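Enquirer: Residue-level listing of the chains:
2 protein chains.
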Amino acid sequence: MNRPIGVIDSGVGGMTVARELMRQLPNEELIYVGDTLRCPYGPRPEQEVREFTWQMVNFLLTKHIKMLVIACNTATAFTLEELKKELDIPVIGVIQPGARAAIKSTKNLHIGVIGTEGTISSRAYTDALQHINAHIHVNSLACPPFVPLVEQGILSGPRAKHVVSETLQPMKESNHIDTLILGCTHYPLLEDTIQEVMGDQITIICSGDETAREVSVILDYYNSLYEGERVPEHHFYATGDKDLFEQVANDWFDEPIFNIRLLDLEGINTHN
Amino acid sequence: MNRPIGVIDSGVGGMTVARELMRQLPNEELIYVGDTLRCPYGPRPEQEVREFTWQMVNFLLTKHIKMLVIACNTATAFTLEELKKELDIPVIGVIQPGARAAIKSTKNLHIGVIGTEGTISSRAYTDALQHINAHIHVNSLACPPFVPLVEQGILSGPRAKHVVSETLQPMKESNHIDTLILGCTHYPLLEDTIQEVMGDQITIICSGDETAREVSVILDYYNSLYEGERVPEHHFYATGDKDLFEQVANDWFDEPIFNIRLLDLEGINTHN
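Each protein sequence line maps, in turn, to chains A and B. Numbers 2 to 273, taken from the numbering used here, label the letters of the first sequence in order. Numbers 2 to 273, taken from the numbering used here, label the letters of the second sequence in order.
Next up, chain A with everything else stripped away, as it sits in the complex (with noise of 0.2 Å):
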């Protein structure tokens, strides 16, 4: 189907998951927004996301999308239910995808999360943990400095390394995980760091390249997948500074990113 899978992100932190998804369905067009001009999101209250994430839905909508995809746990937690029965596209969040993935690795069924304030407080990774399996005990935590640590470019190396082990020095007191959700999608960023300091026999899930993987499941389970093959032109929005958006989409990745425009938000409406 030649129509473009829409991403959406508080900022650039989605932009992990539009890259897995590029790399495992490399036909497939993307049109992503990044809310840089209102990042982050994670402190925010319910209503104010449930309130941007429309907004961004909304022009994502004008571009017919065939599929949408919330790159950002703290919006997933909060409107993908309602995105799902209100929109007639399939929709997909990043946490039940990083839940499944866990539930197939943990062996002891000890799963650790980690993830902005809100996430964690929204509990989500933990009900789609226990909706399917109930004797999966879960170890949650915040890590409220993990992403600026990641948008000041620090990505390993001795400061990297102190913070990433002090942040998460109480999940490595619980001791009885196997299993660690990387529930926020800047944190793949700190995937070397966060591993070296967990240790090698912890399974650590990326919640955006399962994500990428299970948008893949619903393509291919509705036949919409693009027939054939092609180099696609993807296409960046962001709300706020894109030539901030540019830097740091291109520090991170090895390919550069063109095509970013600037986009006005805010005088789309916030309803369906």
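FYI, nobody ran anything at the bench for these hints, they're computed from the structure. There's no promise every hint is true.
Same chains, same names: a pair is fine if it fits in one copy or spans any two.
[Said to hold, decoys possible] 27 Å max Cα-Cα, derived DSS-like pairs, lysine-lysine:
| # | residue 1 | residue 2 |
| --- | --- | --- |
| 1 | Lys-173 | Lys-162 |
| 2 | Lys-85 | Lys-67 |
| 3 | Lys-85 | Lys-105 |
| 4 | Lys-67 | Lys-243 |
| 5 | Lys-86 | Lys-67 |
All values derive from a computational prediction rather than experimental measurement.
Fit chain B to the known structure of chain A by using the hints.
Expert: Okay, now just chain B, sitting in the frame of chain A:
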């Protein structure tokens, strides 16, 4: 949703998928049909495999299953598209989940696939992989000695290692793949030996484990997961010797399998 998941296989191999379903979705009830009387399907002509598969499916439809899992690679290769079209419940095979997991895993785009003669000569994995990404190099190899080895219970030790090593020699010599799909539901029983022979640098994908995960994706997507917690009662049907089925299944797994009944499929309509 309080209806069972139907699982079909040419014999006992699909029990690796059923076990993984029980582990990943512990509240779901399964009805498993193994056509042990007419196993293996690998060397049979397409028309015969389709006919036998429809008999199992028609039996399961009388049990009001909410989803059908074709836990047999050969049957998936020959009947998945037809069953997806004809049935009004979700249908999943083992090939696409294995292919998608391999695409997620590979870094160098060189993927190996091993399976029965029927599965390999159908090119179903190659098609599934290259449909998603035309740049993937697929190295496939039929491994006829593996199913008899598993069915004799020779899963490790020097004899298993010798057979596995000799059979996989052409795959080892190609020396490029970073990911190997076990494209037969019997093969996960040999996983440790296969890993030892291929080396630690190769990521092994068990199609059955990945299928269980995708069942979870699709049931969740349709809001069809069982709501609540229970210890479900599973039902197993074998068309051949049910004592042998019981013995093999119990040899493979930690928990014993009960409720195995004998099923006569030959009186069942072969068409929908």
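Enquirer: Would you mind marking each hint as holding or not holding in the structure?
Expert: Structure-based check of each hint:
Taking the shortest Cα distances, Lys-173 and Lys-162 sit within 27 Å of each other inside one copy (14 Å), while across copies they are farther apart (39 Å). In this assembly of identical chains, the alpha carbons of Lys-85 and Lys-67 lie at most 27 Å apart whether taken from the same copy (13 Å) or from different copies (21 Å). Taking the shortest alpha-carbon separations for Lys-85 and Lys-105, both the intra-copy value of 24 Å and the inter-copy value of 25 Å come in at or below 27 Å. For the homomeric pair Lys-67 and Lys-243, the shortest alpha-carbon distance inside one copy (26 Å) is at most 27 Å, but the shortest distance between copies (48 Å) is not.
In this homomeric assembly, Lys-86 and Lys-67 come within 27 Å of each other (Cα to Cα) both inside a single copy, at 16 Å, and across copies, at 21 Å.
The structure is consistent with each of the numbered hints, conforming to all of them.
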